[in-house]
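Participant: Sequence order for the protein chains is A and B. Quick note, the first sequence lines up with residues 420 to 1002 if you use my numbering. Quick note, the second sequence lines up with residues 420 to 1002 if you use my numbering.
Bear in mind the hints are in silico, worked out from the structure with no lab data behind them. Among these hints, one or two may not hold up.
What the hints assert, rightly or not - Subject to a maximum C-alpha distance of 25 Å in a straight line, what follows is the list of computed DSS-like cross-link-like pairs (lysine-lysine): (1) K516/A - K445/A; (2) K719/B - K702/B; (3) K1001/B - K603/A; (4) K939/A - K445/B; (5) K605/A - K1001/B; (6) K605/A - K603/B.
Unchecked claim - Covered stretches of chain B (chain A as the covering partner; in silico rule of three or more C-beta atoms under 8 Å from a C-beta of chain A): (7) 622-633; (8) 772-783.
Claimed, not checked - Counterexamples of contact, computed for chain A against chain B with all Cβ distances above 10 Å: (9) R447; (10) R568; (11) K831; (12) L993.
Computed from a prediction, not measured in an experiment: that's the story for all the values here. Even glycine gets a Cβ: it sits at the ideal position worked out from N, Cα and C.
Number of protein chains: 2
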Amino acid sequence: MRSHYCGQVTEQELGNSVTVAGWVHKRRDLGGLIFVDMRDRTGLLQVVFDPDFADMFAEANKLRQEFCVQITGEVRARPDGQVNARMTTGKVELLAKEITILNRAAPLPIDYNQQVSEEQRLRYRYLDLRRPDMNEKIQFRARVASAVRRFMDSQGFLDIETPMLTRATPEGARDYLVPSRTHKGKFFALPQSPQLFKQLLMMSGFDRYYQIVKCFRDEDLRADRQPEFTQIDIETTFMSAAQVRELTESMVRSLFLEMLEVDLGDFPVMAYSEAMRRFGSDKPDLRNPLELVDVADLVKDIDFKVFSGPANDPKGRVAVIKVPGGASLSRKQIDEYTAFVGIYGAKGLAWMKVNDRAAGVDGLQSPVLKFFPDAVVTELLERVDAHDGDILLFGADKATVVSEALGALRLKLGQDFDLVSSEWKPLWVVDFPMFEETDEGFFALHHPFTAPIGVSADELRANPGAALSNAYDMVLNGVEVGGGSVRIHDNAMQQVVFGILGIDEAEAQEKFGFLLEALKYGAPPHAGLAFGLDRLVMLMVGASSIRDVIAFPKTTTAQCPLTDAPGVANPAALDELGIQIKP
Amino acid sequence: MRSHYCGQVTEQELGNSVTVAGWVHKRRDLGGLIFVDMRDRTGLLQVVFDPDFADMFAEANKLRQEFCVQITGEVRARPDGQVNARMTTGKVELLAKEITILNRAAPLPIDYNQQVSEEQRLRYRYLDLRRPDMNEKIQFRARVASAVRRFMDSQGFLDIETPMLTRATPEGARDYLVPSRTHKGKFFALPQSPQLFKQLLMMSGFDRYYQIVKCFRDEDLRADRQPEFTQIDIETTFMSAAQVRELTESMVRSLFLEMLEVDLGDFPVMAYSEAMRRFGSDKPDLRNPLELVDVADLVKDIDFKVFSGPANDPKGRVAVIKVPGGASLSRKQIDEYTAFVGIYGAKGLAWMKVNDRAAGVDGLQSPVLKFFPDAVVTELLERVDAHDGDILLFGADKATVVSEALGALRLKLGQDFDLVSSEWKPLWVVDFPMFEETDEGFFALHHPFTAPIGVSADELRANPGAALSNAYDMVLNGVEVGGGSVRIHDNAMQQVVFGILGIDEAEAQEKFGFLLEALKYGAPPHAGLAFGLDRLVMLMVGASSIRDVIAFPKTTTAQCPLTDAPGVANPAALDELGIQIKP
Chain A
420 MRSHYCGQVT EQELGNSVTV AGWVHKRRDL GGLIFVDMRD RTGLLQVVFD
470 PDFADMFAEA NKLRQEFCVQ ITGEVRARPD GQVNARMTTG KVELLAKEIT
520 ILNRAAPLPI DYNQQVSEEQ RLRYRYLDLR RPDMNEKIQF RARVASAVRR
570 FMDSQGFLDI ETPMLTRATP EGARDYLVPS RTHKGKFFAL PQSPQLFKQL
620 LMMSGFDRYY QIVKCFRDED LRADRQPEFT QIDIETTFMS AAQVRELTES
670 MVRSLFLEML EVDLGDFPVM AYSEAMRRFG SDKPDLRNPL ELVDVADLVK
720 DIDFKVFSGP ANDPKGRVAV IKVPGGASLS RKQIDEYTAF VGIYGAKGLA
770 WMKVNDRAAG VDGLQSPVLK FFPDAVVTEL LERVDAHDGD ILLFGADKAT
820 VVSEALGALR LKLGQDFDLV SSEWKPLWVV DFPMFEETDE GFFALHHPFT
870 APIGVSADEL RANPGAALSN AYDMVLNGVE VGGGSVRIHD NAMQQVVFGI
920 LGIDEAEAQE KFGFLLEALK YGAPPHAGLA FGLDRLVMLM VGASSIRDVI
970 AFPKTTTAQC PLTDAPGVAN PAALDELGIQ IKP
Chain B
420 MRSHYCGQVT EQELGNSVTV AGWVHKRRDL GGLIFVDMRD RTGLLQVVFD
470 PDFADMFAEA NKLRQEFCVQ ITGEVRARPD GQVNARMTTG KVELLAKEIT
520 ILNRAAPLPI DYNQQVSEEQ RLRYRYLDLR RPDMNEKIQF RARVASAVRR
570 FMDSQGFLDI ETPMLTRATP EGARDYLVPS RTHKGKFFAL PQSPQLFKQL
620 LMMSGFDRYY QIVKCFRDED LRADRQPEFT QIDIETTFMS AAQVRELTES
670 MVRSLFLEML EVDLGDFPVM AYSEAMRRFG SDKPDLRNPL ELVDVADLVK
720 DIDFKVFSGP ANDPKGRVAV IKVPGGASLS RKQIDEYTAF VGIYGAKGLA
770 WMKVNDRAAG VDGLQSPVLK FFPDAVVTEL LERVDAHDGD ILLFGADKAT
820 VVSEALGALR LKLGQDFDLV SSEWKPLWVV DFPMFEETDE GFFALHHPFT
870 APIGVSADEL RANPGAALSN AYDMVLNGVE VGGGSVRIHD NAMQQVVFGI
920 LGIDEAEAQE KFGFLLEALK YGAPPHAGLA FGLDRLVMLM VGASSIRDVI
970 AFPKTTTAQC PLTDAPGVAN PAALDELGIQ IKP
């Protein structure tokens, strides 16, 4: 029904007869002629209807926005002054000779050129997706998926499907449950990830596995969460952490080169401890030049408990962020930042303006200056390399609170002071603590199948708090785009980890018996990683929500305004499943 | 951890030092040496341990089946007489220099060389999948998926994901339901196919869509059914039925060439009516030379109601299958075939043996011969081209019964008489009736979104029974591997079809309101097709069940012996979902 896509009709076709099929994007009547921008997925093409062809012109006169039409015509150069350099097809136009209206369109319920509510956009998603901007984002995503597959195929990875109807997974989030009809009263769970299955595939000898796969979490949603999301899931056998990183880094690098013509270069590798120390975050945004500087050693003897307390507490932290130009902040602005860090549990935000460093203490302005001996002030200014016009912002509290509060403040300051560079800044974060210790016991920082670094099962049991895990996160511009680890392939080690996590033998057997059993039969060393495809694509296209890179997303209340899902179930169906709705 | 895969070590590596990692497939102790067949996903490699290297030999002596090991050694030629021509690595062996036991294996619960129950195979699936035969099948499947994707990519198709949590789909089978937590008392359904979403994608202007996607049906299982199965799902805009067939046929043809070095040639296209007439089936196995021959016109006046009744009934059918060599069938064998057609509702199976055609009626043997005038017999033998030694088997009943019974009998006879050729025999079946008329009304033979051929909405409403649908099934060796259609893109036509199917306006609005709405805004002509990937791969690898080409399938009671899914749900989780198990 077409000889060319709209976007393919360029000067090379001058004088040729071409047929296009698509939609009326815009119609203008001008000087007795009708101009139509025809649209398909490749772009726009200007079509001109001349009243000299009377029948056709009468038909063209019926055209309204979003009519679906087929047009045959002759390609000619646009008159001088009408050339549009921003369009691929901007030098030509199609002089229509024949037109067939394939389908009419009622007036649109949403206006492409106006801000429309998210609800309306999702309800009329098929129209929303016709907007060139949205259409291109979804096309881009498809090309990303294709490029990923080509790369993985070239590296000998096998695309193997894992079950969607499976057992509750131990990732910690809430599972979506699926009642079983043949086993009444029992439930499948939709996978939060194919974690255990991909490990089993390595034990089956498939060596290199990948899958672009839907995963499910029934959590309360945020802007970048969806009930169902897509992972690029990878697992390898006989490869070290560094090898997995090298391979997946090279995948992402080639993806950016191919899709965006951006060379990400080699990714720096940073220990978790360094990331927390310098950036207060395990996913630091390196586009932001601000850093946290530790000063506990300077203030541990001063006569100001707010600082000296945490400085002398092994679990405390005192750190400072220096903001160039920040001395201009008003009292009110500082109060706003104080309220901001309060969200993260900080009880205050001490500050020090550097108005005239050469003037020594006299050139400073700070409510806490009186507590600082001159020598300490000198050393402090030295350490943060303060210049006139800077402000120093202090955090002093438990280390977790300081890191989190200043880490968040750093990002906010980066935005407010326009310090964030426009480069791409990837890195690897490694050497995570194996466990997080809380009052309720140990929790796995990654998941319970992550191997520790360089300790035996006995050593791990003896001192779990000190162990580092052989995990790695890929961070891009402050967003965790992927994470993975070397897995435990030793039955004894796996049992010790379950034990540390407070999973007793009966529970381990009940939940993970099949894994423990599988580890008895020559399970190979294996390691892997999973990328969040939605987030990766969102970053690449510069979208502000993953909803813009998913064809049919749900709302933040996990609902679909288009199909009106979830819906009421047939009572007979529930009967067959042996369940009922609670009164 | 390796320099080579096991299967890569050939004569080209003679004298080289290589490192392999994998599993002990078999160990033999012979002449003071230890021989180990090392296995990875690429195949087997013979490794020799020599007692001259004492430490290593002691370590090798610990090896048992399925130990996971890393071995470095020197590649040398196998001694004369030990060459194994059937193995890629059969001319060489690895003289071990270093060995590291990566993981030990307990004695296996399943024996690779013995027949093991399906239940045990699935319970220890990770071991079952290590068997070279099974491992290769899953690897083959991955390569098929990859080849399909490469083909679709090359044709400009976009891989776009559709939702898994969606609204009940109208395909007719039972849905898997997923209770919603945020909308208590309501349910998502897992998709039986992405049918409506792919149509919406065409309305969104994506032009060419494909997806290799999980679909779900909660049906009682048979050998070739699974609760979750995988479709190669395809949809196109502005393409005719013939173009969709050409494109998908060329995909399958290139797949067979690439994977099996088989040229399927051009697929014949056969009308549904011809398929039913000649083969009694809408998915005829063309490897089987037997055909049904209609003889109603010959017997409509004979004095035998069993034949003349159906012959004079517009809904009746009288047909015959001629089986070369069938005259040798015993009375008992004929009785067995009679019982067999009884399964399909046939009330009997009249037969006629052609012992000596030259002898005329005297050369025949049949309980019904007495009802046939000589002239009719002559014409009958002429029409079926009977030869000495043939048997004719008759079906006379309602057309549906005769077609189904003789269609099944044809397949059975083909097997029993070893008539089925070993070629690949694809074809397209087209021109299906739009509706099936039953006492309870009209049913869609495909699905309610299938367009009719060459009638307007009004003409369709006037005579639904006569309409043909613009649908097409791809059949390979008697298996329907794919099916599709041109879809309705016209709101009025869609409403008429819903009306004929007895879906009233309120129900149509409730169930398909969003589709009817979408059809108002310039929906383009579109058409598509879906392949059953599991079945296609099963055929290609010659497996007898789709379970053998699925890494982690369910049993016939929709259960997973490996993970023990479905499992008991946490009562608190059910509480949150607002559902309870029926007492």
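Participant: Which numbered hints does this structure break?
Facilitator: Failing hints, ascending: 2, 8, 10 and 12.
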